[in-house]
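Chemist: Keeping the supplied structure of chain A fixed, place chains H and E upon it in accordance with the hints.
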Amino acid sequence: MDSQQRDRMLQAMMEELADRGYSEASVERARSVAGVSETDFAAEFADKDECLFAAYDQLTDQVVARASAECDRGEPWPERVRTGLESLLRGMAEQPGMAMALTRAFPGIRPSAYERYVELLSRFVPFMIEGREYSEVDEELPGEVELLAVGAAEAIIFGEVDAGRAERLPKMLPEILFSVLVPFMGPERAAEEMRTASMSI
Amino acid sequence: MLEGNGQGLLSERDRAVSAMARLCAERGYPETTIDDVLELARIDRDTFDRHFNSKEDCLLAAVNAIMTETVSVVGASYSGDRSEWDSGLIGIRAILQLMSANPSFAYVGYITSRQMAEAKVRDVRDSGVGLLCTMLDRLRSYSPDNRAPETAAAAAFGGAEALMRKEVAEGRTEQLERLLPDLIYGATVPFLGQEEALRLARRGRKLTEDPGEG
Amino acid sequence: MPKGWALPAETERGRAVLALVELWAENGYAGLSVTEIAARAGMSRERFEGLFDSVEAAAVTANEAPLAAVVEIVADLYSADRSEAESYAVAVVGILRLMTANPAYCYLTFIGGRQMAPSRVHEVFESGHQFLVAMLERLWAASPLSDQPARVGVAALGAAEAVVRREIVAGRYEALPALAPDLVYGSMVPFLGQAEAMRLAELSRRHLEEDLEA
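Line by line, the protein sequences are chains A, H and E.
Residue 175 in my numbering sits at position 175 of the first sequence, with consecutive numbering throughout.
Residue 1073 in my numbering sits at position 73 of the second sequence, with consecutive numbering throughout.
Residue 2033 in my numbering sits at position 33 of the third sequence, with consecutive numbering throughout.
Each statement offered as a hint is correct.
Every beta carbon over 10 Å from chain A, so not counted as near; a handful from chain E, in silico: (1) Thr2011; (2) Glu2012; (3) Ser2033; (4) Gly2050; (5) Asp2053; (6) Arg2082; (7) Glu2086; (8) Glu2209; (9) Glu2210.
Computed cross-link-like contacts, DSSO-like style, restricted to lysine-lysine with a CA-CA straight-line distance of at most 30 Å: (10) Lys1055/H / Lys1166/H; (11) Lys171/A / Lys1055/H; (12) Lys1120/H / Lys1055/H; (13) Lys1166/H / Lys1120/H; (14) Lys1166/H / Lys1206/H; (15) Lys171/A / Lys1120/H.
If you are wondering where the hints come from, they were derived from the structure by calculation, not from laboratory data.
Glycine residues also receive a C-beta, built at the ideal position from the N, C-alpha and C atoms.
Bound-form chain A, shown alone (with noise of 0.2 Å):
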């Protein structure tokens, strides 16, 4: 399997899982979609199991690439987590059946399964290290200070994503930021940085 034909399998999975949840996603119509041959399926994964996992984690990636991709090293910290997070949301309300797949169907497996979605959270802890330079207390602030503020926001985009109204999330754009970065600079700030996001939505 040459590697274009290994994410055709993975995105067909993938799309398996959001259509039809777990137990009725079914390998032989993503092979069927992906144009793939049973040998060459068997030679690549395992099982089912082992391609959805490797379709999660190519999922995953892409999430976090395309968050990072448009910001721009040279803008000010709170632009770059509002330019990523604009990302994030446009991706997740232009394709909501990954969006549920990626918060429930996927993690919802089992155990194992969840692990992924623990971590996908944590890869975004590093872009938030930037902002306690931008707190306004002289004390440090709290060790996890910046998977509270991923945490923030996850918890209102998932609220949105499992309600089906994924298509709303770029809407919330200004509530969202508020969110994620009053931790570092606290509510009046943070309301700021909110009322200028709104202007340009």
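Modeler: Below, chains H and E without anything else, positioned relative to chain A:
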């Protein structure tokens, strides 16, 4: 204070919730529209949509508001300085005062959410009631012989509720505090027996007449 | 120790629900079967079926327990000497300790009910979660902001939950209480500002240490 009553400004979200409660009490939830809420709360549709996903969502916010407020006043009435039972009495009185001061929310809590809205709303309310029963049920460990059955708190609660529902439905919410002795009797008799419950009810009557106490 | 946490393990219902919750945390929801749950609980299939109509019905019951426990811990800590925010800060330590002592229920509360459950069960979870969000949003009363962004309560609670989930997925339940200061900070900073949230985080850290010494 949930209803604002002109005392300090409510946020846009709280105005919407308060408006929903008032409309439920005056006109009934089924016949209340989002436009009615917007008009009474003096907010626009975009603002409403930012905070609520639907008319039901706004009602749920009102149910949660009265539930959390009730939990808070009951919790705050317990003090290490007085007996467990006296704290319970103060707690019941606090609930009545809360309802009297917020008659629309009382209506939402006792009537709308129970019989005038979808199952989901009733479930949310029931879970709030369950919480209060759990808090009330701690009194069981202070009863002699611990003889009250598991359902005693729920039953006592149900009895008290029926009494309050009647008063609220008939528009006598502002006078709920008069019920304090009856409610105390109903709430404590499964745990303490008649004599002790009557004694506490008398004590409760004294509390009503003597608002400074506690 | 509040009584309302898990159904008491001394009762059959309690044992059955605990068995379900443990298996859910070990293997996920889809793998649950009456046979396995009954075996884990040390009872016959028939006995389980006598107690619950279905696995789903038992799962709904399981989801009701954590909310009652959390609210009881919070309400227990309300006192005249403390603001509501301070009560929450101290309650976080108690809640995390309870989690450490009940890892299976902890998994249910943060993961199982949220992302590993069918719709009906998830709805019950969600409505309990909304109640906790409403309790937290009471802190808006002390906020410097004149208008409140939407969903801050969801985000603030979610912030703390993300940190807890990371630990429990790694099996580090005993590490949870030490995270109290971070969780207090993250859940309160949107309402109270950085300085006050830091002070409350410090309060919870002191409470954690005092308790250990006691």
